[in-house]
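So the chains spell out like this:
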Amino acid sequence: MNEAKYSDRKFIIGGIFCTIAIIYIVKLFTIQVMDSSYKLSAESNVFRRVIDYPARGLVFDRNGKLLVYNESSYDVLVTPNAVSEFDTLDLCNILGITVENFRTEFKKAVRYAPYKESVIFKQLTKQRYSTLQEKMYKFPGFDVQKRTARRYGYPYAAHVLGYIREADTSLINREPYYKAGDYVGVAGIEKSYEKELRGIKGLKIYVVDVKNRVQGKYKDGKYDSAAVVGENVTSTLDIDLQVYGEKLMQNKVGAIVAIEPKTGEILALVSTPGYDPNLLVGSDMAINYPKLVRDRFRPMYNRAIMGCYPPGSTFKTINALIGMHEGVIGPTTSFPCNGGFSIGRHIVKCHHGGSLDLISAIEHSCNAYFCHEFTRIIGDRKYGRADSAYSNWRRRVQSFGLGRKLGSDLSQEVNGIIYSKDYFNRFYGEGHWSALTIISLSIGQGELSFSPLQICNACATIANRGHYMIPHIVKMIGKDSPVDARFYEPQETGIAKEYFETVIQGMYQVCEMGTGRSARVPGVKVCGKTGTAQNPHGKDHSIFEAFAPMEDPKIAIAVYVENGGFGATYAAPIAGLMIEKYLNDTITRKDVEQRMFNANLMNIDAQMKN
Amino acid sequence: MSKQRGANILFSLDWPVLVLYTILVFMGWLNIYAAVYDEKYTSIFDFGARYGKQLAWIGVSYIIIILIMASNYRIYSVLSYFIYGAIILLLALVLVAGKESHGAKSWFELGMFKIQPSEFAKFATALALSRFMSAFEFDMTKIKNLIISVGIILLPAGLILLQPDMGSVLVYFSMIFVFYRQGLSGIFLWLVVMGIGIFVTTLQYELIVVIAALVIVAGVWYLALGKNLINSLIGVGSIIVLSGIFWLVNHFLLDDKFELHLLIVAASAVLTPAVLVYSYIKKDWIATFVMIGLIGCFAVVFSVDFVFHNIMTAHQQTLINVFLGLENDPQGTEYNVVQSKIAIGSGGFSGKGYLQGTQTKFNFVPEQATDFIFCTVGEEWGFVGAVVVIGLFVSLILRIIYLAEKQRSAFARIYGYCVASILFFHIAINLGMTIGLVPVIGIPLPFFSYGGSSLWSFTILLFIFIRMDASRDELL
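If you read the sequences in order, they're chains A and B.
Each residue of the first sequence is one higher than the one before, starting from 1 at the first, in the numbering used here.
Each residue of the second sequence is one higher than the one before, starting from 611 at the first, in the numbering used here.
Bound-form chain B, shown alone (with noise of 0.2 Å):
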């Protein structure tokens, strides 16, 4: 029976995914290994450098694959509760009993043995949560049902908060693709799609003018709507060629003398009172509430960035920036991703080729083996390694996507979900830092960034999904 089992636990592996960690957990490795790469010590096995750990971490990671893949197949749901309530216990203790480093207790020193409590916090979340939303009864149309969920991602999330950890907080929001699957409205999904690209934006313009650009599209959708698509369409068409046109006129006859931000502002100002007045007169009450509160996200950005910059010492604005996570800027302004575009940069098409990135090997990138390990693959592969790598994350979070749709459990399909979401936003907030799409936020790349506690996390999260998955038949 029990050979039997194992002999079948082979066959319904799903090798594509193993092969797709197995590519990811060695290519991570080279990468480490040429980051902290000396030429005066070139033993791989050497386990007082970090390469040599963190092969010793990978060795360990085959063996958890093991013990889950023999493992029963029925414990993770039955055990996911207890998981999660284990894990809360161990979130709450650090804070007491954790070691504290960078600013923050997240850390366990057991011996020689380092743990990061947060890391594992991920997949008793994600085992809770499927646990929860796969009841028979559950409907998330229903208040109640929905407040439990987000309770049961808030509380270690709330948790992390306090350490602080602002990183590992942000995954949890990852969860709204698991929320959007399993019914949630699409306009929250789309409220969080906008928001993330506000944000993004804001990061290359002042926010300012970002919501000032955002006043204008809305007001023009608004007036040129009429409940009609096309005219919704022709309106926003003809203020993207409009401001084409004036941008055009501005550059090349006036040499610049207006300042875009500045005319984006005033534009805003002067729709504003139309839409009002329009929508007043019309009756149409949502409208002047949403035209009412994207004026009050004004002055709250207003207010809230005249006071940071103004009223605010420099200790105190310090203090924030470290409780929202944003990395603190040893040598001025956005140092650590002015050197990490360096260095991707610097590796061009075709890179400068294993072992010969300067950028990364020399210190002049902060962290290179841990949140910055991204760098050492854009300066040492170049613009194809690192599409490379991209291409392999989206197979990976992809063919996740595939095998949870093929689920006829409830509680795996859902489990599969929060996996890709929680890889996915790692990836897109790991890349999007390292190449200046997103501010410095410190969380690992999965599978490949230096560290135990990230890796070993990352693999009992991947491979309960997969052992799950082997099993999907006898699974109802």
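So here's chain A without its partners, still in its complex pose (with noise of 0.2 Å):
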């Protein structure tokens, strides 16, 4: 028998078992242990997460009235392996898209995955979805997702409100809270706002088997999270007062800001061309979009707070307060004007006769006067040399919010333009400039530009009669909670009160009897100052900055009419209007108003004539 002489080849044969067993160990120790993306595969296989898109906030303004709200909407979702034969023709009708185009969609969607449901429309409006659902039964495979569609109940104040649109690469790489379908505001309220108004989305996890069945939650739903509604956001904006201003800019290009000064509240903030912003609905967008960008006067470019103009002759009223305050004129200082302010080869023009006082001076906008006044203010023997008491001056005039971002809760606020000394040292060089190099700054023109926020902002500080509240578009988020607390924060300038009574009284004048009695209200007392900002490209703009009542003032506003001439022409009136519109609610003088809805500043052939 082989027993005895074979016995030892039991080793081997053991050996053979043994070794086998080890190589399988090992290769399940680098698919278990070593190889991470089986994990990954593993779970790309079961979960399906579903999004619960929670309803975006509504927009209200300060008076309650609704801006913007929701409407339902109708994503039309297919999961290719269940559809069968279907009438392709008729879907496509219903949802309004050519066969070529639903084909491509198809294809993506089986692409993606055929088992599982991807949107192949977007944003269904309630008409054909009600059509599609009564045949809904024709087409198996396709589904409706309810989502919402922004509704805008104005077709005013775009700017203000703003636009959302679907988040794009960048934003979702940058955001991880954000994916590929989600809505997010992009300009306005919607952008600064966004946190507020779009709540947070909720999110199931659902485990589904191999057919892409569900098969229950995950973990009995432990890691699900319901869905929170955006909150309700009231802005300070007057609808009314907002809808009348556009009203009156219509056909003209420029722009019409208004605070209440008191709280720094905004209470119409105009851009004109502006837009219809249900134009930038849904599937509506993808052409609309194009079009308002490439008209070539910009409608969505936000003149209000985007736009830089120099202040023109509105600026006089600060060189008045920072002359006052830096002690180089007192309310009763007189310059002579004869016809113009000359020294050397400078020679500013000017219209007046004799010698005039600081509330005269306002109430004519005498250049000759703040030139002289800005020559002392620029020569000041305590600064030393002009540049050190040029930077002083430019810290006063920044200490109104001008020529810096004023910090509102509107985005794409600009900073706008009050160069540092050093810009003048390195143009001129140091020690070769003085008061009569830059004397244009003493009538805002030159190297001067603000946008009409800063200067309504400026205007609001006169009416405080020292100090300003940051502006800002929300009063009030939800039921009853405030905004961010810089915006109940006085900004103060830290000159005098009994100085801004002297520029107040000076502008009181300019609308009863001086250069902005245009903007006279019956019955009311208002204080203004016109300017006209020199245009290197055309006619010059009109420019009218006012505050009313005198005592108690209610609102301020600062209106900009491009090629519009001057201030007096066109801004002033309006001004008046819109003062008397948010103050009285009624128009008296209705000649006025229709000559401003009539005013046609956009025609080009008018232009060209000018």
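Among the hints, a few may not be true.
[To be verified] Simulated pairs of lysine-lysine, DSS-like, Cα-Cα distance not exceeding 25 Å:
(1) Lys962/B / Lys222/A
(2) Lys27/A / Lys752/B
(3) Lys204/A / Lys962/B
(4) Lys752/B / Lys10/A
(5) Lys475/A / Lys554/A
(6) Lys211/A / Lys962/B
Honestly, the hints are just simulated from the structure, not real lab data.
With the hints as a guide, bring the two chains together.
Below you can see the structure in the form of structure tokens.
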């Protein structure tokens, strides 16, 4: 027998068995412990994440009028594997798309995942949805997911309210909250208050089997979260005033900003030409957005906060205040005006005779007076050289919120232009420039440029006699939550109240008998200042700033009409009408109103003639 | 007398095997429960569900064990040819009267019971082979004995091939270990082991590349040999070092400009004529013959591959795949293997926890209660659980070999080796398939997989040996 002879072979046989067992264990170790890709594959196999989209918050105006709301819209979904024969043409007609379009979308869905649902058509309107709903049984494999579409209650205030659109890849990469297909505010209140308005998406994790059939909630919903509806937002806007402003500005290029001085609340923020915010909703956006962007009047450009214009003579009020504060002039200081200001080869033209004090200088917008005053400010001995005096002046100007971002809750605010002394030192050489070199700054021309919002804020500062509240567009979040604390902090200029009274007296006289008479409102003490911004590209811009009533200001306003000529021509009457509308709600000067409605400065022929 | 024998049986029963068997069967049941677990129906004793049925079948297996242990140990040797003949008849009958499912006629349907004769053919063949090999005059070196032994295996294997059920046929090749233990030249075992090695490697690389690599190794081995082991080791070693250096240069300096596969084929093309010429000059006909044989393999593989992919229609390819027992692939390339690996791989080190597996529970893995039951182990019990299961199987097999070597009867020893080999082959193929080391061949994992026929046949196979072992002192 062989047993003894071959008995040792048990070791070889056992050895082979053990070797193979070890090879298997090593392989198991590599796929189970070393390689983590299998875990990810397993998750993508089995989890279906269903997002619960919350309704976006509503936006109201200061009087509770609904500005922005949601309307049901529907996304059409398809699960390619569940689709059986259907009438493609019929479905395309209901959806309002071409068959080719439908085919490409369908192929995309197949490529994405034949077993999984994917969106084939977005933001179906209510009407089309009801047609589809009736015929749904004819289209197996198709489903409808309820979403919301944004709707705007008024075809105005587009720049203030902004718009939403689908999150793009760069945003999705930057902020992991957003996923493809989410909507996000990209301008106006929709952008600034995105976090409050959007709410919080809910998530339900379902476990699915190999056929993508739901098998239940993952861990009994332990990781699920409920959607939180977006907060409603109350704007500071007075929609009636806003609409009125936009109507007054129709066929004109320009901006109106109105602020309640006590609170800094923006009552109206007009930029014309504007557009109907409903143009940028849902599937219409794809058609309208390029049109708006290509329009040569740039309707999407918010001139009220992004436009930069020289302040013109409205700036004289600021220089008057700084001069008095620095002690270079007093309320009664007079300067001669003989039809202009000339030192050396500099001549700044003016149209008065004799000698004027400060109040009359403001009333008549005397260039010569402010040139004299400005030479005193910059030539002030206590600052030594001109550039230090200039720096001090610049700091004072900026204390009015001019030439720097105000920090409002409107995105896209611009700084404006007010150069530091280094700019002039570089340009003219250190010690080689003086007040005379930069004399145009005295009357708000030259190297100065501010946005209408900044000018309006400066006007509100005067109305408040020395401080301003940071302008803001939102009053309240939810039922009673206040907005950011910075909007309740007064921003002081440090200039004494009595100086303001002098300037305000001057501004009152402007509207009573000076350059701004067309802004007069019967029964209301309006204080204002005209301005004319030199425009190298065409006719001057018409500017007017005002507040009213004089003793207890309720509204401060700045009006810009591009190519409108003198401040008195268009800006002042528009400002007057706006004030009257806001304070009295009735317009007495119907003829002025009509003239403003009808004025057309966007007519190309009319512009050519000027 | 009878009472005393019963007490003896309990005393001499190999308890380690019974304990290992019990652990494996119940672990298997737990995993079947997990694989078909549904939160809506949680009753353990639901005999409509698979785990309920499996529980019943486990109960029956213990009755089978008691019956076998109570039986006379001599009957297996005496009745072995009779049992073998009966099973051969059944295998023939199933081809005529069997029920066809999945394209194979493997089942008898008797009322509510389904029986798969090929499962029971394993122990019958093992009995017959042991009986023949244990005959006093048996000598492995006699060609006639060898042919009859192989014939005993090929007869049932051939009948099963006609069903066709390639997976079950392959199991009979495991008998190579029994032949080896009984005195077959080791060359044959090594050929089989090498063959399996090459086969498994071809799952990772193209067959042509593997053969080309073999040619290189063989050629260098031969040229450097000079009948000297040291020289040949130096030769093979230098080949490994050189190819390692080349791979590093290619990968890091040349940005993988050269495709490794092509280079191996090219190198073998250069080396082969050199070896041929050398062996011809040296008049070493064996070497020439081996080299020509290898070139022949190369040509055959190449042409088969070409014919299969370029000349045959898709339908013909499917037929061949089904014939070879390669399961058809409903969702494209290797869907089953990919899903199986995902399930096991996602288990990680310590697993997702019992009943927490998602891949197996939600049917991502096909046949998750039968052939792919190991996926549930890998997913829910992790690497730890998988190693424990492999460890249990290895312990069982080694214990069987240990017991087999203690037998005084050649019949019992040979039968023991048959049991160990069949179990090993089943386990190796099944586990290898789930982790992608072996192609997908549908055979169950012993004691684990769902199914009465399979559980009972493995129980019978194992406990006939344990019965004989219990009486090993009486058996001669």
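Results for each hint:
| no. | hint | in the structure |
| --- | --- | --- |
| 1 | Lys962/B / Lys222/A | holds (16 Å) |
| 2 | Lys27/A / Lys752/B | violated (42 Å) |
| 3 | Lys204/A / Lys962/B | holds (21 Å) |
| 4 | Lys752/B / Lys10/A | holds (23 Å) |
| 5 | Lys475/A / Lys554/A | holds (16 Å) |
| 6 | Lys211/A / Lys962/B | holds (22 Å) |
Violated hint for the displayed structure: number 2, the only one.
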